[in-house]
Amino acid sequence: MLAAVRFSDRPTAGPSVRLVPPPYRLTAFPPYLGPVLAVIGRQAVGTVAGFGLLGHFLADTVRAVPDLRTWGRMVVQQMRRLGVDSLPIALFISAFTGIVLALLASYVFTGAVPMYLVGTLVGKTIIMELGPVLTGLALAGRVGANIAAELGTMRVTEQVDALETLAYNPHAYLVIPRVLAGTVMFPVIVAFAMAMGLFTGWLSATTLLPVTNAEFMRGLRLFYDPFDIQFGLIKSASFGFVITLIGCFLGLATRGGAEGVGSATTRTVVYSAEMILVLDAFWAVTLLRHP
Amino acid sequence: MILFEDLHKAFGPKRVLDGFTLAVRDGETMVVIGYSGTGKSVAIKHVVGLLEPDAGRVAVDGQVVSELDRAQLTGLRSRIGFVFQFAALFDSMTIFDNVAFGLRRRRDLAESEIEDRVREALALVDLAGTEAGMPSELSGGMRKRVGLARAIAVRPTYMLYDEPTTGLDPVTSAVIDELMIRTREALGVTSIVITHDMRSAYSVGDRIAMLYQGRIRQVGTVAEIRDTADPVVKSFIEGRPDRSASEAATTLSAEEGIAVEGAQG
Ligand SMILES: Nc1ncnc2c1ncn2[C@@H]1O[C@H](COP(=O)(O)OP(=O)(O)O)[C@@H](O)[C@H]1O
Ligand SMILES: [Mg+2]
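As you go down the protein sequences, you meet chains G and Z in turn.
Numbering follows my numbering, in which position 253 of the first sequence is assigned residue number 253; successive positions increment by one, without gaps.
So the mapping is simple: my numbering equals the position in the second sequence, first residue as 1, plus 291.
Simulated from the structure, these hints should not be mistaken for lab results.
Watch out, some of these pointers could steer you wrong.
[What the hints assert, rightly or not] Examples of chain Z residues toward chain G, derived with CB under 10 angstroms:
hint	residue
1	340
2	364
3	365
4	366
5	371
6	375
7	376
8	378
9	379
10	380
11	396
12	453
13	475
All C-beta atoms in this analysis are idealised placements derived from N, C-alpha and C, irrespective of residue type, glycine included.
Extracted from the complex, chain G is given alone in its bound form (with noise of 0.2 angstroms):
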């Protein structure tokens, strides 16, 4: 009965109850909120500051960019790199997404809606927001976590320090061939990625859903604008860009061992994610509202 109250939130009346101390108290400024602002504040503080530690990342990148001769071998090697290891899971995961997004369509159509605007849905969809966005989420979990891991492993055991005593500079040897395989792989993945969901989206409206060929190609060249190809793959270009970007960063900010590269490797696949849905409302708020 005693532990029945004591884990209860809510004050009850009762003469067994007065010996448990109450869970909190409330006042003006409940001092359970000092250690909690603390925190709080001291997060934003820090995200402030590793934003100020990304732009001096990113300056230093910049400024490693004449020399060429370091970086140029290194481009091919890593863009081969990226798309093999990103190609099937961009597959795997618009195929899928062309599926439901096809059975979504006509379920939400059904009777009020032409059923043609399914090709119209699954088109859109797939261009403009889902190829790009759940392949940037997946590929921040593999390509993002890669680039973390092994730049992360080259800190703690010093190669990178190895690299700089032989005269290289790591954000032309390292940094720069694999955030460029990003920024142009990307949109190539991505592009493999919408065509994949329009095809099975096509398949299996025309297969599973009463839509024919015709109706469903119909739909799909409806509202059809090149600009939206366009909208997707610039979008694809940064979530390259920001996902490999931030893998170096952390993972070159590795410190203490083993630990400390699978901290590096979480944080790059949190913080990425991340900053693809805040770009993603970023080119939608910039680029998407017409006149």
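Assemble the complex: chain G is given as a structure, and chain Z with the ligands must be docked to it using the hints.
The following block gives chain Z with the ligands in isolation, referenced to the frame of chain G:
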């Protein structure tokens, strides 16, 4: 000549170097000894500009390292060979590519010359014929030798060794000692060797300096250090933990005069 002048370095609240002063003369091998975690690695990383001093400076041939621009720093680094404690080999590259790495940066070397230099460097550390292998296939001692070959392939005028024999068996340690001596004879380099292996210190060093609590406690020739009167240095080189570090610090502040005199020697 490498000159550490009143170097200060802290990480957060932790003061690691606190008035570190040491002069390494041309052609000599200076051994720096000291307890683990006292900042020996931190000190030599300032020489190649991997760390920036909070105060004080490090000068190499009269150039103050922290005041160099990128191009000058690159020039300085190509004159210094750095051998890392755990070798720091690039594990995605073959042994050949590891050793060739520093040479590939230079414009004046053709691929055939690079190949010759790599073979020569690997021969110097008795690892001829291992070019095609990967670092992961090597034992700890062999990794260090590859690290040494990578550093000497660029034909530096200075060599910095960070605990070259730590973690190796006595025979392998003796091999590394011999390689350091051989490197010095072959290249005529000025070296700083960080170690807490006193056998190694005595066999490769001309002078020995002990880092203690952020500064040099005593510096002297091998003979002078061997016969030291400073109880801190004495207990370190004899490997006798007869006094705790804090106890030693308080008792010795009274004898500071002697210690400082030693440090300037
Ligand atoms: N980059 C760094 N960031 C924070 N602390 C560091 C860094 N490098 C070294 N330290 C700290 O400085 C102290 C001296 O380290 P180090 O020079 O590696 O000691 P050692 O004399 O064994 O070589 C250690 O306590 C270490 O934790
Ligand atoms: Mg060390």
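Structure-based check of each hint:
no. : hint : in the structure
1   : 340  : holds, 8 angstroms
2   : 364  : holds, 8 angstroms
3   : 365  : holds, 5 angstroms
4   : 366  : holds, 8 angstroms
5   : 371  : holds, 7 angstroms
6   : 375  : holds, 5 angstroms
7   : 376  : holds, 7 angstroms
8   : 378  : holds, 9 angstroms
9   : 379  : holds, 4 angstroms
10  : 380  : holds, 8 angstroms
11  : 396  : holds, 6 angstroms
12  : 453  : holds, 9 angstroms
13  : 475  : violated, 19 angstroms
Checked against the numbered hints listed earlier, the structure breaks hint 13 alone; every other hint is satisfied.
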